[in-house]
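The primary structure of each chain is shown beneath.
There are 4 protein chains.
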Amino acid sequence: MNSSSGHIRIVLIGGSGYAGFEVLRWIGRHPAAEVVGVFGPENELGALDSFHPLLSGQVTLRQELFSEKATAALKADLAMLCVPHKVAMSYVPALRKLGLRIIDWSADYRLSDAGVYEKWYCPHTDPVGLAEAVYGLPEFFAEKIASADLVANPGCYPTCAVLAIAPVLSAGLIEPNGIVVNAISGVSGAGRTPSLKQHFPERNENFEPYAVGNHRHAPEMEQILKAITALETPLLFQPHLCPMDRGMLCSIYATPAPGATEQKLTAALEARYDDKPFVRVRTDVIPATKYVVDTNYCDVAVRVANGKVILFSALDNLLKGASTQGIQNMNLMFGMDETTGLY
Amino acid sequence: MNSSSGHIRIVLIGGSGYAGFEVLRWIGRHPAAEVVGVFGPENELGALDSFHPLLSGQVTLRQELFSEKATAALKADLAMLCVPHKVAMSYVPALRKLGLRIIDWSADYRLSDAGVYEKWYCPHTDPVGLAEAVYGLPEFFAEKIASADLVANPGCYPTCAVLAIAPVLSAGLIEPNGIVVNAISGVSGAGRTPSLKQHFPERNENFEPYAVGNHRHAPEMEQILKAITALETPLLFQPHLCPMDRGMLCSIYATPAPGATEQKLTAALEARYDDKPFVRVRTDVIPATKYVVDTNYCDVAVRVANGKVILFSALDNLLKGASTQGIQNMNLMFGMDETTGLY
Amino acid sequence: MNSSSGHIRIVLIGGSGYAGFEVLRWIGRHPAAEVVGVFGPENELGALDSFHPLLSGQVTLRQELFSEKATAALKADLAMLCVPHKVAMSYVPALRKLGLRIIDWSADYRLSDAGVYEKWYCPHTDPVGLAEAVYGLPEFFAEKIASADLVANPGCYPTCAVLAIAPVLSAGLIEPNGIVVNAISGVSGAGRTPSLKQHFPERNENFEPYAVGNHRHAPEMEQILKAITALETPLLFQPHLCPMDRGMLCSIYATPAPGATEQKLTAALEARYDDKPFVRVRTDVIPATKYVVDTNYCDVAVRVANGKVILFSALDNLLKGASTQGIQNMNLMFGMDETTGLY
Amino acid sequence: MNSSSGHIRIVLIGGSGYAGFEVLRWIGRHPAAEVVGVFGPENELGALDSFHPLLSGQVTLRQELFSEKATAALKADLAMLCVPHKVAMSYVPALRKLGLRIIDWSADYRLSDAGVYEKWYCPHTDPVGLAEAVYGLPEFFAEKIASADLVANPGCYPTCAVLAIAPVLSAGLIEPNGIVVNAISGVSGAGRTPSLKQHFPERNENFEPYAVGNHRHAPEMEQILKAITALETPLLFQPHLCPMDRGMLCSIYATPAPGATEQKLTAALEARYDDKPFVRVRTDVIPATKYVVDTNYCDVAVRVANGKVILFSALDNLLKGASTQGIQNMNLMFGMDETTGLY
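Keeping their order, the protein sequence lines are chains L, Y, X and Z. For what it's worth, my numbering labels the leading residue of the first sequence as 1, then goes sequentially. For what it's worth, my numbering labels the leading residue of the second sequence as 1001, then goes sequentially. For what it's worth, my numbering labels the leading residue of the third sequence as 2001, then goes sequentially. For what it's worth, my numbering labels the leading residue of the fourth sequence as 3001, then goes sequentially.
Here chain L stands alone, though its shape is the one from the complex (with noise of 0.2 Å):
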């Protein structure tokens, strides 16, 4: 940290969205860390608290176009990008020849493997990067995380189903083919650009699949638990909007491997996050969005009934699926207790 006060200092790209609003009051809340400067394209400049009114009084920066120049007179630790898929990588080059570390909450660094991502996005333009970019899960890729210099915020649904999977699959206990994610997320999750499915009488009082067979989170999964497990899981993966603010919830349907009983996948859980502060392993209730929104939280269980494993999980997509995950992994990346600010 370069800063006098102990504090690191955070450029943030991209605070008009959601994800960019919780990075800035979570942030306000960390005894350790500042948002120092905000930068964004040019028709969304103006007064954070313009974007955000809940924010007013307590953000007074504003969001200013960006340049090198600027970005390097706030001589800055870290660069968080709240920006969409396509443009982060656009940022980061420039970013890191500045010296800044970088957490980045778009895609364009979770698929290791450039092929898929230009499947499913587009060519990509950094492949340097690509190659040395840490994917930010921390309960998994704690320790290349705290040296990384780049690190991919997962994915939303990437986070709230591999929490789950990965444990029960690299015990041998859930059989990785076949492997269903049914998923549900509020409707935050989709951005915060106006359009008619989100308008709020159409979406309101409306439970909707989406992205039948082909939503990209997908890859991302089977990538991070081949990753994990260095097993193959070719899953479905199908998403659906619930009409809600925030909240994600997976209902998980697996085969068990022979000799699997809810006993043993529920100690495999518990093996694996004992000393995870932000896994929860519920026994007392079935996890549920009202239990984790407004956390850090993801909470996970496990049932056997008619010859299938049933994993649950639930986070908040904004938080543990996307911002205050990031900022974990800032902790992580500066030698802080993983938990700092996050509660």
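Note that these hints are calculated values from the structure, not bench results. On a predicted model such as this, the values are computed, not experimentally measured, just so you know. Heads up, a few of these hints could be off.
Distance condition first, Cα-Cα at most 27 Å in a straight line; then the derived DSS-like pairs of lysine-lysine [as the list claims (entries may be wrong)]:
no.: 1; chain 1: X; residue 1: K2197; chain 2: Z; residue 2: K3197
no.: 2; chain 1: Y; residue 1: K1075; chain 2: Y; residue 2: K1144
no.: 3; chain 1: L; residue 1: K144; chain 2: L; residue 2: K226
no.: 4; chain 1: L; residue 1: K197; chain 2: Y; residue 2: K1197
no.: 5; chain 1: X; residue 1: K2226; chain 2: X; residue 2: K2144
no.: 6; chain 1: Y; residue 1: K1264; chain 2: Y; residue 2: K1276
Partial list, derived from the structure: chain L residues whose beta carbon lies under 7 Å from chain Y [what the hints assert, rightly or not]:
no.: 7; residue: V187
no.: 8; residue: S195
no.: 9; residue: D245
Negatives, chain Z to chain X, calculated, CB over 12 Å [claimed, not checked]:
no.: 10; residue: H3085
no.: 11; residue: K3086
no.: 12; residue: K3097
no.: 13; residue: A3114
no.: 14; residue: V3116
no.: 15; residue: F3141
no.: 16; residue: N3177
no.: 17; residue: K3264
no.: 18; residue: T3266
no.: 19; residue: V3304
From the three backbone atoms N, C-alpha and C, an ideal C-beta is built for every residue, glycine too.
Assemble the complex: chain L is given as a structure, and chains Y, X and Z must be docked to it using the hints.
Only chains Y, X and Z this time, still in chain L's reference frame:
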């Protein structure tokens, strides 16, 4: 009626919005009316169930580009216009030339004084129509409506407020000055065009005042109250958006006239609506939106407290506040019982 | 029909809950049926609009204490029972002795095997009725329903799941083993009795799985699928509560049979429902609850993705999932077009 | 503070409701306070995360049966009481005997006139405490709060209304007579006990007035306005329930005093709250609940329209309207900056 089947043949102008949707749904239940054609603007043509997937299989019409010739070919009795303010008056003269009677949902023919209209909207291009139009509040103008060629269907807020205020004002039980109409509406009242304000994550769990001090429904209320009571009532109207699909509730505060009691006020409401099927004077419950949504009812009640008269009034902004009130007007215009098809 | 007016005279047992509410509302719109009396338990007597203020002015009946004599005096044709499981079978024998045909909304006559019933509920006290009862899923059992004296109206979840699964299973396009039914329901499905779980601040903005591995609708689904297809389908059914009033959606995952394609699967659905007015095979949109609420439709669709068949099915849990499906059954029982009064 | 760690040691009485939940959550973020024990009634004992599953892992305390001895053993500095009206005053004298300072969330010590209290509640059993209690509205009574032994935390509605009214009334810019406070609250304001009124399918999509003409928060408002301004303000307070979890908004209608302008009114608010961190005078937006939920802010604004002054005021009924306002009081009582732990 020139339909051999004895049915009222209806041409609908503007089927892609919420009022058009409810017209299509409720006319579908009506035993003596049918929509025979639907017209709209160039950028909103196509099968009606592409706009309203709920209607699939039930409504097989397409929204076609309007032309006088195509309209004439339908040999309709009635045109219903669910188009925006300012647009309606561009259709009405042509439709009247074709011999069609008209029910218009816009504000274009509601304000009998062109000067008032122009202050709140724009110059009026059909002064002849404006002079002949009848205000379609059936509980007060049934006779005129029955013989009208051009009915201006009331705004949702004016319907809700006027039905509560008019009887007690007519009876001399409240002072005409200083009335405050505090109103809330479900979000469908804001129409079907997406905007940041009505984007689900912005509007959900959010209660918000709007149009402070300048809502254009205020002059409509004052005009109709004067038409009914011959009194000037310079009122204050303050609307709010409530995070729900539909429903409207007015809480109206007035100064009691000397001698006014809760009993007399209730009696005035009951006397006025005794023979009106769609206004219910509630003494069993306080009006609430859930008791009126998906119906053509307006519920009203009155209380005296702390030296004020409080009137409550609730209706469904898309039904008694728009579409089914128009059908109630149609029933009157074509000599049917006013409740036909409306339960 | 013994009514001079040609109307079906209906006795309703249990008018204070949500299914009873919708029966009262929709029979009120029916051109050839009327509710002539309503009976309930001692602690829930009184004017029906005291339970359902929306019905004030439209329904003037009172819920009276049940007696055979009072019921006989009404000279009804049909009894509709909207009472809880276990209670229904205490009424049915007496009602049948009075010569009434019966539609029962409870589970008491749905499971033709008394042993299965007793496993999930309690000992069955009316084995005679159970043996004669016809399962009221009109799209599959219309003929039997037409002549039935006792119709067991299906559960909401079984209706939703079976309408999607049965045609493709019958056509041999999916494997009967390993089917997963992931379902969500609006909260009205939990009934009208208050509880902490359904207390607004607990349920709102909260998506939650329940009845993990042991929902009693699973055996009902398996039984009906067997009755239709002659196949054993040991399925996994997992319901969730979604924070909205009404609407149900099943996302069903199955293994494709060799040679199954999306085209063949869709064709199987279309062939089965071509002449069925209330099941819509959607190829224009993915089923969503908002497209079916307040209607008697069930929307179904099928996709093939990542080696799985996904079936989607949506309906209004209180209508096609309960009340209006019962009216559809009534229409069949009394020789009317099955759509009468149901748009 | 008698804690060696320099922390304020807090005993919480009543941790199972919503105010208790927020106290536990926000004290968990506070750098200089901790809850060391929680007590409750016999039928609500057990682990706090069994009442509030969100707190699992973070709050490990149990709610124990209250006893003076157990309380004394905790060597606490402060007791916070989140128990119902009438119950609080049964605890307070004993707690004070133990030397604890007290913040009470009930109404028991808010109404300084025992006669007024008894009219709305019941006979008062702790007149000594009542006489000494300080009303905990920090923006007006900070000095008294700082040295108080017993602080009565204000009601949510009085906080919301008084913060808007008091400055402009003090400045002589509105007439003290004829003020109407039209208020709405999210449903958490009704507490955690289930009821038919707050049953999800009854309350969702339902906006409803309640407590017409007799809400007990009205005398609290009048008393505090008099304490601040020395004026009698016989106002009309009308609350409504809005279908959302949390948030409160008052739309307040008053008669302008001669010479009052929007500019002067705004200036009076700004002058009063210039140095108050938690009241924001909004000129950029009209206050809305979404701008204040999950914060300790109260947003206020004023407009003049149609001869009336309209004041808007919004806060989170569980935070600035309850729990975090109590923590703000605690900060003052223990000599800390009033914002400590409240962002």
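Here is how each hint holds up against the structure:
1. A threshold of 27 Å between alpha carbons decides the hint, and for X:K2197 with Z:K3197 the separation of about 14 Å falls inside it, so the pair holds.
2. Between the alpha carbons of Y:K1075 and Y:K1144 the distance comes to roughly 25 Å, so the proposed pair stays at or under 27 Å and holds.
3. With a C-alpha separation of about 17 Å, the suggested pairing of L:K144 with L:K226 holds against the 27 Å cut-off.
4. Simply put, L:K197 and Y:K1197 have alpha-carbon atoms about 14 Å apart, close enough for the 27 Å limit, and the pair holds.
5. Distance restraint check for X:K2226 and X:K2144: the Cα-Cα separation of roughly 17 Å lies within the 27 Å cut-off, and the hinted pair is therefore satisfied.
6. A distance of roughly 19 Å separates the Cα atoms of Y:K1264 and Y:K1276; the hinted pair therefore holds under the 27 Å criterion.
7. Here the hint on L:V187 is kept, as its CB sits about 4 Å from the closest CB of chain Y, short of 7 Å.
8. The closest approach between the C-beta of L:S195 and any C-beta of chain Y is roughly 6 Å, which is under the 7 Å cut-off, so the hint is satisfied.
9. Among the interface hints, the one on L:D245 holds; its C-beta lies about 5 Å from the nearest C-beta in chain Y, closer than the 7 Å criterion.
10. Z:H3085, annotated as away from the interface, keeps every beta carbon of chain X farther than 12 Å; the closest lies near 19 Å.
11. A cut-off of 12 Å between C-beta atoms confirms that Z:K3086 is not in contact with chain X; the least separation is 22 Å.
12. Under the 12 Å C-beta cut-off, the non-interface status given to Z:K3097 relative to chain X holds; the minimum distance is some 35 Å.
13. The Cβ of Z:A3114 lies farther than 12 Å from every Cβ of chain X, with a closest approach of about 33 Å, so its non-interface assignment holds.
14. Every CB of chain X lies more than 12 Å from the CB of Z:V3116, the least distance being 30 Å, so the non-interface label holds.
15. Separation of Z:F3141 from chain X is adequate, the least Cβ-Cβ distance of about 30 Å exceeding the 12 Å criterion.
16. Interface exclusion of Z:N3177 from chain X stands, the closest Cβ pair being 35 Å apart, more than 12 Å.
17. Consistency note on Z:K3264: stated as away from chain X, and its beta-carbon is indeed over 12 Å from all of that chain's, at 40 Å minimum.
18. The non-interface label for Z:T3266 is consistent with chain X: the shortest C-beta to C-beta separation is roughly 35 Å, beyond 12 Å.
19. For Z:V3304, the condition that its CB be more than 12 Å from all CB atoms of chain X holds, with the nearest at approximately 36 Å.
The structure meets every hint from the earlier list without exception.
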